[in-house]
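On the provided structure of chain A, position chain B as indicated by the hints.
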Amino acid sequence: MDTLSQLIAGFAVALTPYNLMWCFVGVTVGTAIGVLPGLGPALTIALLLPLTYKVDATAAFILFAGIYYGAMYGGSTTSILLNTPGESATIVTAMEGNKMARRGRAGAALATAAIGSFVAGTIGTIGLTFLAEPVVNFALRFGPAEYFSLMIVAFVTVSAVLGTSAVRGITALAIGIFLGLIGIDLQTGQPRFTFGVTELLDGLNVIVVAVGLFAVGEALHLAAQKKRPDGGEVIEVKDSVWMSREDWSRSWKPWLRGSLIGFPIGAMPAGGAEVPTFLSYFVEKRLAKKPEEFGHGAIEGVAGPEAANNASAAGVLVPMLALGLPTSATAAIMLSAFQSYGINPGPLLLQQQSALVWGLIASLYIGNIMLLVLNLPLIALWVKMLRIPEPLLYGGILVFATIGTYGISQSWIDLLLLYLMGGMGFLMRRFDFPTAPVIIGMILGPLAEQEFRRAMTISEGNLMIFVQKPLSLALLLIAVLALVGPKVWGMVRRG
Amino acid sequence: MQTRRHVLQCGFGAGVAATLGLRPQHAEAQALSSLQIFVPAAPGGGWDQTGRSIEHALRTDAIVKDFKFEHAPGAGGAVGLPKFIGTKKGQGDALMVGGMVMVGALIANKSPVKMTDLTPVARLTGEFLVVVVPEASPHKTMQDLAAAFKAAPGKVSWAGGSAGGSDHILAGMMARAMGADPKAVSYVAYSGGGPAQAALLGNQVTAGISGWGEFSEQIKAGKLRALAISADKRQDGIDVPTLKEQGVDVELFNWRSVFGAPGIKPEQQKALVDVMERMVKGPAWQAELKKKDWTGIYLPGAEFGKFLGEEITRITGILKDLGLAT
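The listed protein sequences derive, respectively, from chains A and B.
In this text, residue positions in the first sequence follow the working numbering: the first is 193, and each later residue adds one.
In this text, residue positions in the second sequence follow the working numbering: the first is 62, and each later residue adds one.
This is chain B alone, in the form it adopts within the complex:
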């Protein structure tokens, strides 16, 4: 399959690294000419698209020419991470896509490997979440929904992605901020934003939580009513108040990032950070952000490492509150 994928990519000019990543390690001083991008998810998903956008931006702005893609899908990255750590250790041109979802997945699955084993390179994008109700719902504002939830938590059902994922985490955080037990949330897990949307459009559930991009078109068409977004502040062109404005003191971004392999030298880490820095400042990446409706929340190397540590602590806490971690 790996070969077949290569043939497909060559055939359509998407390119393949002839070097297969076996670059001499003394080349780290000069700029990287090739990258191996490791996606711990199936082709087509959010992480894969992040990887493809990185490839497209670096290629268009002539920063890196050759790319090799590898996918290891499964369990929110819990399958791919050990594989990346095992096979890419010490390789300065390996870049793994990951994000907040992986933090929760590793905790819930009691994974033996940790994200802190990796070399942090950059936090790239973030997507805030949105709380919606069906068009016909009696709840007009977040306050209405919060009041209904406080009165009878069990009667308010929330549709979203898989248990322990970002949508569920936000539900737990909101419950806590509203003074309720996160375990009391009637959370209805769907395998993705699509089936959850269907449940909302069919009035099967009280409310729904998902990434803004998943629900935005239904909101624009008036089929779903957006009550609040989980961003830190109001967003340009989006007429929806934040949770904080409405008295629910919660802020959450579903962030996506890239990591280097464990055990690489500081110069190698710097080379990867430099590539990302140049990409983020280039026009092609900015165009990709706009097209995909992603918010650029770039955070380089060490600062991202510090942020990651804080996120792991925060998410572990909320998963414990939800009864999903010990």
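Pulled out of the complex, with its shape left as it was, chain A reads as follows:
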């Protein structure tokens, strides 16, 4: 059977009323947990694992996939409205998305995020359907040396969020890298900077740090301002709630570029969802017609990263379904669910369980449509939330962030961390330091470090490994080009 007829057979499985119901439940639950900071798709699916004793495999996986895709949609909503990222993959969305919301353009930001997610999710799913084999073979060529070089490329993206002062930006980046070092070192098993606190052994949760820096810091900053209008300021919703003609024309290219960046990186075993969102943001800022709008709410900065994050979600499923490789926490939990059914996921999964796998893939197409239908009408409702006067809104955000953080591990250490980061976020705003580089450093720093040390172990300490491997060399050249290319080009043009 060729791919197309198998896909059609998959739709026959996914379109039964019973499985449609599970898909709907999944995307709804997924959207809800995406909105909550802290509770991610991996934990939610893990909590639902006992369900595998009750329902059949196809229904369970359709549910899990729905949760996974739904969480990617939901995560952007709070990022945009409240500057409170629900998932680490939507941290970038908060940067421009929340600025748009503050300018009264929340509707457009939410719409470009939802439609971009739909476009990218569909492109990613098409990629999963037809390109799984070549993509996974390409992704496996990435070893430690290649990943390290990819992280170098990603570090270049920091230049897009440095703000006015490079010194301040790089200071923020260094703080982030330091925060990322806390915890047990994977290569030696030794604790670093934990000061005997067992809760720090697994490192800091990037969501807690992001919510503290962005949301709590902002709330404190607002509270500290002298000017206190009676009843508080209300963000006016300007223009229409919907996307304007200009928004559409500025969004469609970032959607496509974001998908193209997100899907292959998501398919890489160590790719993840965060790196493609950084890269997409950088690319959009460089290509934008009005780069000066970045930092003040540029729609491209929402459209691109949102697309990248959803396409990477589809990418993560490629090694999982093609090779049985769990490359993310969510994929690992889904694979352990396969085992509950006595199915051993591996390279033969597609052949042995083709009805299940194709049913799952078909349900991803359906789930994407459901998510769009579910999310677009909600936009008008979400936007109304911004009519709440600012002091009350930010008070609510503090409550929301606190509950969400406590929900991650029921540990007061995380709450302490949230408010410490909030204090730091306040000081950074007060003294004009950008906060985004902290998060970028915290995510990329440990990744780059681990890959560097893995590469050094394999090469017995020979640094040449980074230039001897062609893919690694190519990535390093891209990094150099992205950093100095525009300046050189400018000098050449000026003659």
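Since the hints were made in silico from the structure, they are not lab data.
Predicted model, so just to flag it, every value in this text is computed and none were measured.
Some hints here could point you the wrong way.
As the list claims (entries may be wrong) - Result set (PhoX-like, lysine-lysine): computed pairs, CA atoms no more than 20 Å apart in a straight line:
(1) B:144 <-> B:171
(2) B:331 <-> B:126
(3) B:342 <-> B:326
(4) B:171 <-> B:381
(5) A:246 <-> B:351
(6) B:244 <-> B:381
(7) B:144 <-> B:126
(8) B:150 <-> B:381
(9) A:246 <-> B:353
(10) B:126 <-> A:246
(11) B:352 <-> A:246
(12) B:244 <-> B:211
Said to hold, decoys possible - Pair by pair, the computed Cβ-Cβ distance ranges are:
(13) A:611 <-> B:354: 40 to 48 Å
(14) B:357 <-> A:333: 38 to 46 Å
(15) B:240 <-> A:197: 39 to 47 Å
(16) A:591 <-> B:328: 23 to 31 Å
(17) A:602 <-> B:328: 42 to 50 Å
(18) A:333 <-> B:354: 24 to 32 Å
(19) A:611 <-> B:387: 55 to 63 Å
(20) B:211 <-> A:677: 29 to 37 Å
What the hints assert, rightly or not - So these bits of chain A aren't anywhere near chain B, every CB distance computed over 10 Å:
(21) 335
(22) 360
(23) 660
For every residue, glycine included, the Cβ atom is placed at its ideal position computed from N, Cα and C.
Using the frame of chain A, we list chain B on its own:
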């Protein structure tokens, strides 16, 4: 979150103990009607699955009806253990899942609490490890790999789970058995079997070590070649020789077990051991073992306690050799 988890479980019929473990202590003579299962790891991992399988088996065979789950993830159990000891002391219906990984984690993190503070209840399952090479590797047997390792230890890179974990411990034991310094092992730590598999499939490393279950499907599909298993003897249906057969005198099981709270009375310990004994002999547990591909290596109460003491000594020694403990 605890409440939300309860709602989820109630909603899907997985159940929740209404008693919340506050049972009168004089009830120890009669059989246990409820258990609090404490998992010192995140939901979804091996320990959580062990806990869920215990729940499923006890429920199916009608041995225990009510369950309450609690998770305290982090650092191979080093975060959960002090919490279990602190909150459950003297409670006869508390059961903590743990295993070999915790032994190493506590040593490496210089934990102030010890596993020997707990009341041993039962060793339940074990998973032997497997040494693999990529399909395209020139090494066809364990002897080939051992020869390459002896000739130039640094040139042979080994992928596996986190440093100090069971995979790393086996690498150290093998190096010692092959007459090399365990510190010379070029060990490349990954956060789990999945990323380590990717490194092997992409020919990034020479060899890999992981639990049999993690690699078995890739082995069956011919993408990875199994050179040796760490079991004591050949396993049914698995055509892979043991390390011992091939001249590497090492045996290692990644075992999983359950413990009672510290400070419980001998009768309470006996009640827990009895529950496990009945479960292990029942059909539901045997079915779970088969489904999850676990080897049943049941060892009750005091015998398990003795085994635990020996394992702690053995693992401390190998971690010292690897330079991870002092």
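Hint by hint, here is what the structure shows:
1. B:144 <-> B:171: Holds, at about 16 Å.
2. B:331 <-> B:126: Between residue 331 of chain B and residue 126 of chain B the Cα gap is close to 19 Å, so the pair holds against 20 Å.
3. B:342 <-> B:326: Not OK: residue 342 of chain B and residue 326 of chain B at ~25 Å, beyond 20 Å, violated.
4. B:171 <-> B:381: OK: residue 171 of chain B and residue 381 of chain B at ~13 Å, within 20 Å.
5. A:246 <-> B:351: With a Cα-Cα distance of about 19 Å, the restraint between residue 246 of chain A and residue 351 of chain B holds, given a limit of 20 Å.
6. B:244 <-> B:381: Given pair residue 244 of chain B, residue 381 of chain B holds - Cα atoms ~10 Å apart, limit 20 Å.
7. B:144 <-> B:126: 25 Å, violated
8. B:150 <-> B:381: Measuring from Cα to Cα gives roughly 32 Å; hence the hint is violated.
9. A:246 <-> B:353: 17 Å, holds
10. B:126 <-> A:246: Roughly 17 Å separates the two Cα atoms, so the pair holds.
11. B:352 <-> A:246: 16 Å, holds
12. B:244 <-> B:211: Between residue 244 of chain B and residue 211 of chain B the Cα gap is close to 13 Å, so the pair holds against 20 Å.
13. A:611 <-> B:354: 40 to 48 Å: The hinted range 40 to 48 Å holds for residue 611 of chain A and residue 354 of chain B, with Cβ atoms some 45 Å apart.
14. B:357 <-> A:333: 38 to 46 Å: With a Cβ separation near 41 Å, residue 357 of chain B and residue 333 of chain A satisfy 38 to 46 Å, so the hint holds.
15. B:240 <-> A:197: 39 to 47 Å: Given about 58 Å between the Cβ atoms, the range is violated.
16. A:591 <-> B:328: 23 to 31 Å: 47 Å, violated
17. A:602 <-> B:328: 42 to 50 Å: 32 Å, violated
18. A:333 <-> B:354: 24 to 32 Å: 31 Å, holds
19. A:611 <-> B:387: 55 to 63 Å: Hint violated: Cβ distance 36 Å, outside 55 to 63 Å.
20. B:211 <-> A:677: 29 to 37 Å: 49 Å, violated
21. 335: Non-interface label fails for residue 335 of chain A: nearest chain B Cβ at 4 Å, not farther than 10 Å.
22. 360: 33 Å, holds
23. 660: Since the minimum Cβ distance to chain B is about 14 Å, residue 660 of chain A lies beyond 10 Å and the statement holds.
In this structure, the hints that do not hold are numbers 3, 7, 8, 15, 16, 17, 19, 20 and 21, in rising order.
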